[in-house]
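Chemist: Chain by chain, the residues run as shown.
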Amino acid sequence: MVGIVGYGTQIPRYRIKIEEIAKVWGADAASFKRGLNLNEKSVPCPDEDCATLAVNAARNAMSRAGINPQEIGALYVGSESHPYAVKPTGATVSEALGACPYVHTADFEFACKAGTEAMFVALNLVKSGAVKYAVGIGSDTSQGSPGDALEYSASAGAAAYVMGAENLVAELIDTHCFMTDTPDFWRREHANYPEHGGRFTGEPSYMKHVTGAVNAILEKTKMKPEDFDYMIFHQPNGKFPVQMALKLGFKEPQFRYGLLTPTLGNTYSGSSPLGLAATLDEAKPNQLILLVSYGSGAGSDAFIFKTTERLLKVRDMAPRVRKQLDEHKMYLEYGQYAKFRHKIVKPE
Amino acid sequence: MRDIAIIGIGMIKFGELWEKSLRDIAVEAALNCMKDAGTDRIDSITIGCMSGGLFNGQEHLTSLLPDYLGRHTTPAVRVESACASGGMAVRSAFMEVASGMSDYVLALGVEKMTDVSENIETYTLATTADGDYEAFHGINLPGLYALMAKAHMEKYGTTRNQLAEVAVKNHRNGALNPHSQFPMEITVDTVLRSALVADPLRLFDCSPITDGAAAVLITTVEEAKKIGKQPLVIISGIGVASDTIALCQRKDILKFEAVELAGQRALKMAGKTINDINFAEVHDSYTIAEIMVIEALGIVKEGQGGVATANGITSLNGKFPINPSGGLKSKGHPIGATGVAQICEAVLQLRGQAGKRQIKNAKTALTQNMGGSGGSCVIHILEAK
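First to last, the sequence lines map onto chains L and U.
Just so you know, the first sequence maps onto residues 1 to 348 in the working numbering.
Just so you know, the second sequence maps onto residues 1001 to 1385 in the working numbering.
Take the hints with a grain of salt, since some may be wrong.
[What the hints assert, rightly or not] The calculated lysine-lysine pairs, modelled on DSS-like cross-linking and capped at a C-alpha distance of 25 Å, are: (1) L:K251 <-> L:K239; (2) L:K208 <-> U:K1020; (3) L:K208 <-> L:K224; (4) L:K247 <-> U:K1013; (5) U:K1013 <-> L:K208.
These aren't lab readings, by the way, just hints derived from the structure by calculation.
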């Protein structure tokens, strides 16, 4: 039996409203709010990056796990905003947690599913018996080109999961992957912002891969949508996951805790892992949760977890997602946002 | 000139056909057409395609399409007249058979628009405007039609809701068409709540970006009678006209002179008046376009297009049904295929094979296909015999 021993998240305090972005570009805020179900998004402050968010999320996960950091045998960080092209984020995070030096680490990248990749590998390393505990983290300070549709959603946040074989808060029931070479969204080496295929990112990309992963894991486990208490899909906006969930036969109560994008934005690698954390914050013991990520390029990882009694004991050992999302918010104007996100280039 | 009949039509379902290429969809429509005709005899091919170059990095369709149709020695010509390319290709096929040069000519319209980003799509569509005097200065097609809409509202009192009624009516028809890209019904509210594109035009006032292909097989009435297709559908009139490419050069930006003249020429050739026509497929690239086209054709009085639409005159069961197929708005607007697809719809209606959207006793049809902001127009009159 393997699964989640501890989980933790980090969301920056800064926010920017959709209207504030739309105002600058002369865009129709209502169409983003209504059409994509986006209201505001988180913004990292100048001192926050993928590594600091990952460290804070992992520390919160360790608080809930209650384990000795020296027992962590592996730590993986999935992101598309690693601070360095060459120099592992995982090393910084491992050091900050006190897990060094006997720890295996690697940085993952697969657009928005790098976080669940880290979780997938961590879970399976524990399952193999190679390590006692492994940490999987999804962390991003997402990029969206100024004025592009992505600028309305690309946000920042992280979720970390300590995986182990005992003292679980949620047991892993099964996993399944669905992946093809589909170029819907990409960022070339040295480019500051990603490019994307517009509407191509929808039906032939997000919809196809999420559907593929859901159908595969349901078939493998002989389960049906109604068997789950909760489900979380990757949330590039507030529309796609809802549309997809309803189409596949899930109902609103199943995603009521996991859908965060309308006020959080798309935290890329942190997106579906944050949705899972918000669901664990509210779930009761012995409930089934389906988690399905999506990463452009393109693929989906599906996981089924079953919560345990221990979840109730550790839940309040770290801040809940809703607290980080709803409290102590500070709103930015576009100018401050542009400065924070290094969109203003100053001479050296 | 020999008398001309259409003995085959071939459509595909329009949409965002991510899994298919330009050649795939063109061949699919051509094969559907040959199947419908019951013959695979093709002496020559005319191809309507606006911009394989910008949309797909592919010109030379006169080699590509015969090649992938398994007819690589068949003569082919490509016809380009912006959004009227398809209708012009049918006209070329007509002339080739009427002249006696060939007996069986396939008119094949195709456009694969979704392989590029929205920016390139918009840029490509703006090449149908005046490059030096319009597009260069930043105005694109929605902008030009928005100017017409504003002027129409000002001069004739056409309302925002009346514009929306065009889209509502076309979606109602398109919902009955299995080949439609967006076969859903909408309300005036859907249009009014959609994103603003170019004031006053909103997203649901504009035809979509579409991948699609359509084909018709043309031969002489004599040949068609041998094959014995019933009812026989003939092309009895064709009219073409041009207008200034730049909207600002026109005497009156609220008059589609090319549409008016092409209509008169086509009707004259067919020996008909507009009152003899039972229904029309028209170029509703924007809601305002349909309003101005039905005025230019004399279906309604000048300035009355909006009111007439709101009053249901152009509905499927109205006095003069317009766009029973769903039009460009609901069926989709794959540029080069549009003019051919309009003729496919007219043939289906005249044969009585249009299913739930069938117009009763449809005997004579008009199809109107135009380029850019109305700088070119081709009109066909079709009759069931």
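Chemist: Each hint should be assessed against the structure and marked as holding or not.
Modeler: Okay, the hints, checked on the actual structure:
Annotation: proposed proximity of L:K251 to L:K239 holds, straight-line Cα distance about 14 Å (limit 25 Å). Using a Cα cut-off of 25 Å, the hinted pair L:K208 and U:K1020 holds, with the two alpha carbons roughly 16 Å apart. A hinted pair counts as satisfied when its Cα atoms are at most 25 Å apart, and L:K208 with L:K224 qualifies at roughly 19 Å. Straight-line distance between C-alpha atoms of L:K247 and U:K1013 comes to about 22 Å, which keeps the hinted pair within the 25 Å bound.
This hinted pair checks out: U:K1013 and L:K208 have alpha carbons roughly 20 Å apart, not beyond 25 Å.
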